[in-house]
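Trainee: Chains as they are written, first to last, in this note's numbering: chain A, 1 to 401; chain B, 1 to 427.
There may be inaccurate statements among the hints.
[Said to hold, decoys possible] Covered by chain B, per the in silico footprint, the following chain A stretches (three or more residues, Cβ under 8 Å):
| id | segment |
| --- | --- |
| 1 | 243-249 |
| 2 | 254-260 |
| 3 | 265-277 |
[To be verified] Computed list of chain B residues with no C-beta within reach of chain A, every gap over 12 Å:
| id | residue |
| --- | --- |
| 4 | 77 |
| 5 | 109 |
| 6 | 147 |
| 7 | 164 |
| 8 | 168 |
| 9 | 227 |
| 10 | 291 |
| 11 | 335 |
Keep in mind that the hints were calculated from the coordinates and are not lab data.
As the structure is a computational prediction, the values presented were derived from the model and not from experiment.
Yeah, the Cβ is synthetic: ideal placement off N, Cα and C, and Gly gets one too.
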Amino acid sequence: MAASPFTSRSPSMTVASPNTLRLRASAAQNGVVGATQASSTPTLNAGQELTEQLNADVRQRYVKDKKLGEGTYAVVYLGHLREDPSSFVAIKKIKVNAEYKDGLTMDAIREVKYLQELSHPNVIALHDVFSSKDQNLNLVLEFLPRGDLEMLIKDGDIQYGAADIKAWMGMLIRGVWFCHENFVLHRDIKPNNLLIASDGEVKLADFGLARSFADPYLNMTHQVITRWYRPPELLYGARQYSGAVDVWSMGMVFAELLLRVPFVAGNTDLDQISKISDAFGTPAEENWPGVTQLPNYIPTDPAHAVPLQGRDFFLRQFPTAGPVGADLLMSMCALDPRKRTTAYQALCHNWWTMDPQPTRNEDLPRKMGTKKMGDDLSRRGGDDDGPFKNAARQLDFGAMK
Amino acid sequence: MIEDDIYRTSSQFRLWSYTEASLKELRAKTNAIASERARTAIRRAPSAQPSATSSAAGTPQPGSDGETKKTEEKAKEIDCLTPEEELVFVRYYCEKTLELGETYKPPLPTMVRATAIQYLRRFYLTNSPMTHHPKSIMACALFLATKTDNYYMSLRQFAEGIPGNTTAEEVISPEFLIMQGLRFTFDVRHPFRGLEGGIMELSAIAQGQAPPAPHLPNQSPQQLLQQIQSIAPPPVACSSIADRIARAHGTTRETLKSAAQMTDAYFLYTPSQIWLSAFLLADRPLAEFYLDTKLGGPLTQTTSTDQSDLQNPLYELRVKLLNVLTECSALLNSYTPLSSDPDQMKGLKRIAKKLFYCQNPEGKGTKRDSAQSQAVAAAAATDSGQVTSESESERLAKKRKLELEQKLKTNGSDIFGPELATGRPKE
């Protein structure tokens with residue numbers, strides 16, 4: 001299955017036993033967590049049930065440092081491994097939500113559930129989860145100090161080109177390919193959920209809307225994905241959909257990286273549909289068999305129908321991508337989800353092997369913070385300048401919903 | 001990455017897969033810790049325990065009013081549950097979880113119930129029923145499973161569906177405790193999808209539409225169709241091959257819903273091993289044929305064309321696989337539902353009675369916990385002057401007394417409570 005653009009590595013694992021605590025490979029790789037496998041066998045402690053001892057073992061491995069930020073549902077701290085003060089982690093403490101009476105919220109459950117299963121260089125690593133007093137849930141996440149793609153897109157002082165976009169898109173699609181390979185839909189891909197590690201690697205974060213593929217014929221909700229990145233089938237209320245929804249979102253991120261503004265930015269769901277129609281063509285039975293049967297389909301006045309856009313349009317609209325890059329973008333933006341490319345097919349596209357080659361991680365443009373918060377903390381060997389302005393905000397996934 | 005590699009990254013493999021020996025060892029350790037804690041706690045409770053025994057069960061038990069020395073001696077004699085008894089007791093509540101899921105309209109999906117049962121089984125690897133009674137854990141585990149398996153219903157709606165008058169508060173209160181016991185892993189890999197895939201493959205073969213396996217290019221759809229039509233007859237006579245596949249499918253599904261859930265199958269085997277083992281039990285010739293389509297038919301130890309006695313790698317694989325499947329089949333086959341077996345029910349009643357005397361009175365996080373602390377707080381409020389001067393042991397004694405009163409009150413109306421004590425299995 002492995003094709004050239006994939007750099008997936010098998011994560012380091014320990015013997016499957018709850019007595020053995022694990023660390024994800026991606027952690028060690030970044031030098032964030034420099035510890036070896038701590039296979040701490042809990043001693044018989046009559047004061048605590050075995051389950052509590054196991055939890056305490058995990059908790060004691062980390063030290064919380066300063067608070068990085070606070071949102072409605074979570075507080076994010078900078079932390080480190082007790083035995084290695086130079087290691088960094090982000091500890092996201094989820095607040096018990098008094099308004100939500102039904103226990104732990106769905107987005108916290110989803111985030112923990114899927115991040116526990118996904119281990120890939122382009123997916124944010126969840127190193128550990130532990131509970132602290134007063135039943136607080138603490139997620140020990142990979143520390144990603146270099147902001148997100150949205151900050152780079154919006155920063156007029158930063159210049160970047162096709163080679164940089166190729167590098168970023170490659171990392172994004174590999175991460176999403178891995179999720180789909182594990183039968184997980186992300187359902188909220190957008191530039192500010194794409195965080196950047198100190199070594200420049202792009203990481204897919206915020207799994208608060210993720211879910212595993214439904215069994216055939218089972219319905220899912222269409223109320224997912226931030227509007228500007230939401231594909232037409234969801235806007236039309238489709239209840240059965242596939243990884244194609246994430247591919248559309250990636251297409252929108254691709255377009256936005258090229259244009260440096262969101263490509264189709266509707267003010268309402270209806271407006272979003274009409275902007276998509278204006279840009280790519282009006283969805284109709286000819287270009288998308290079955291579309292008129294979707295629950296929220298709205299017929300367009302034939303007089304105003306826009307024909308399906310071809311290659312020329314994409315070339316004209318996105319000259320930076322070059323003809324082959326525009327072709328890849330077009331395949332990701334097919335209106336009919338069945339005709340849309342898959343993450344795997346996108347990785348097999350020949351744009352990746354063409355010039356320009358993707359920029360190496362260490363040479364990728366980075367955000368120069370005006371305010372270098374905790375500059376000393378983010379700086380490490382080989383990492384000369386790593387401002388993490390806004391680090392708290394990006395890590396604070398919970399505040400978004 | 002191949003499928004096996006992906007499975008090895010799952011939390012089910014990393015944290016919840018064991019050998020028989022390591023599973024036994026872990027349960028023994030959990031039991032040892034919990035027994036010690038229960039004894040210590042009971043020793044600390046000079047008045048509460050005897051009063052509870054005399055008033056609640058009506059079983060004669062020499063009262064030892066407040067005399068610490070006597071109580072201590074008694075505590076030493078406290079007969080705690082063995083790991084085996086704990087396991088039987090938990091299994092009973094796993095069966096109850098299936099029934100509870102059935103009471104909803106519409107019934108909760110099989111997947112949700114199966115997830116909840118695995119949550120219970122995982123939880124009780126590092127927790128003891130002596131500390132946390134399964135009846136308060138099971139409803140919450142089921143509700144948690146509706147959340148993690150995308151079957152949305154509100155807590156209120158869920159609580160209303162429980163027979164009796166369990167409140168939403170009572171359902172949700174052990175949620176965090178359960179999540180901690182699950183080590184914050186919510187994903188359970190079930191064997192159901194694998195079974196569906198295998199059935200689809202067999203149906204395609206039966207319709208003469210099966211593509212050859214990538215590593216066995218000389219298979220042809222016609223050949224496969226011929227082979228499936230000429231396998232040994234099924235255990236029960238069937239009108240057609242399609243009928244045979246459908247029957248095997250149904251029988252296997254039932255095994256996966258029951259025996260696979262109630263035994264240690266998930267801890268010891270992978271989802272595909274589990275469904276193939278259940279399939280072997282349902283229709284052995286059909287299951288073996290299915291394996292042949294993957295492994296290239298009955299094999300000899302050495303490749304026949306080769307004189308140099310080269311080991312045939314598929315042969316070794318097949319022998320290994322069959323050993324594992326045979327073991328797993330035996331495990332699945334050993335299962336009899338407790339409620340359908342009078343002998344087992346008798347044993348269960350004995351365990352329930354035993355548990356009554358060795359239940360840790362300081363068990364935390366169960367549904368009694370919040371009510372109990374409220375009761376203590378209320379009691380404290382009435383004579384606030386004394387609270388600070390009260391010694392720790394007096395305070396604990398008061399807390400336990402209130403707790404037991406609370407417990408008795410709840411038991412009267414709780415469907416999961418009295419039923420066991422009176423030994424009347426729920427229909």
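Trainee: With a C-beta cutoff of 8 Å, work out whether three or more residues of the segment 254-260 of chain A approach chain B closely enough for the coverage to hold.
Mentor: violated (count 0)
Trainee: Over 12 Å to the closest beta carbon of chain A is the bar; see if residue 291 of chain B clears it.
Mentor: At roughly 23 Å from the nearest Cβ of chain A, residue 291 of chain B sits farther out than 12 Å, so the non-interface label holds.
Trainee: Was residue 168 of chain B rightly flagged as not at the interface, with every chain A Cβ beyond 12 Å?
Mentor: violated (7 Å)
Trainee: Beyond 12 Å on every Cβ pair: is that true for residue 109 of chain B relative to chain A?
Mentor: violated (9 Å)
Trainee: Per the stated criterion, does the least C-beta distance between residue 227 of chain B and chain A lie above 12 Å, as a non-interface residue requires?
Mentor: holds (28 Å)
Trainee: Is the listed coverage of the segment 265-277 of chain A by chain B valid when you require three or more residues with a beta carbon under 8 Å from a beta carbon of that chain?
Mentor: violated (count 0)
Trainee: Classify the label on residue 335 of chain B as holds or violated, using whether its beta-carbon is more than 12 Å from each beta-carbon of chain A.
Mentor: holds (24 Å)
Trainee: Confirm or reject: residue 164 of chain B is not an interface residue toward chain A, with every Cβ-Cβ distance exceeding 12 Å.
Mentor: holds (20 Å)
Trainee: Given as covered by chain B, does the segment 243-249 of chain A meet the bar of three residues or more with CB within less than 8 Å?
Mentor: violated (count 0)
Trainee: Take a quick look at residue 77 of chain B and tell me if its Cβ sits farther than 12 Å from every Cβ on chain A, holds or violated.
Mentor: holds (18 Å)
Trainee: Taking 12 Å as the cut and beta carbons as the points, is residue 147 of chain B off the interface with chain A?
Mentor: Violated, because the least Cβ-Cβ distance between residue 147 of chain B and chain A comes to about 6 Å, which does not exceed 12 Å.
In terms of the numbered hints stated before, the structure departs from hints 1, 2, 3, 5, 6, 8, listed from lowest to highest.
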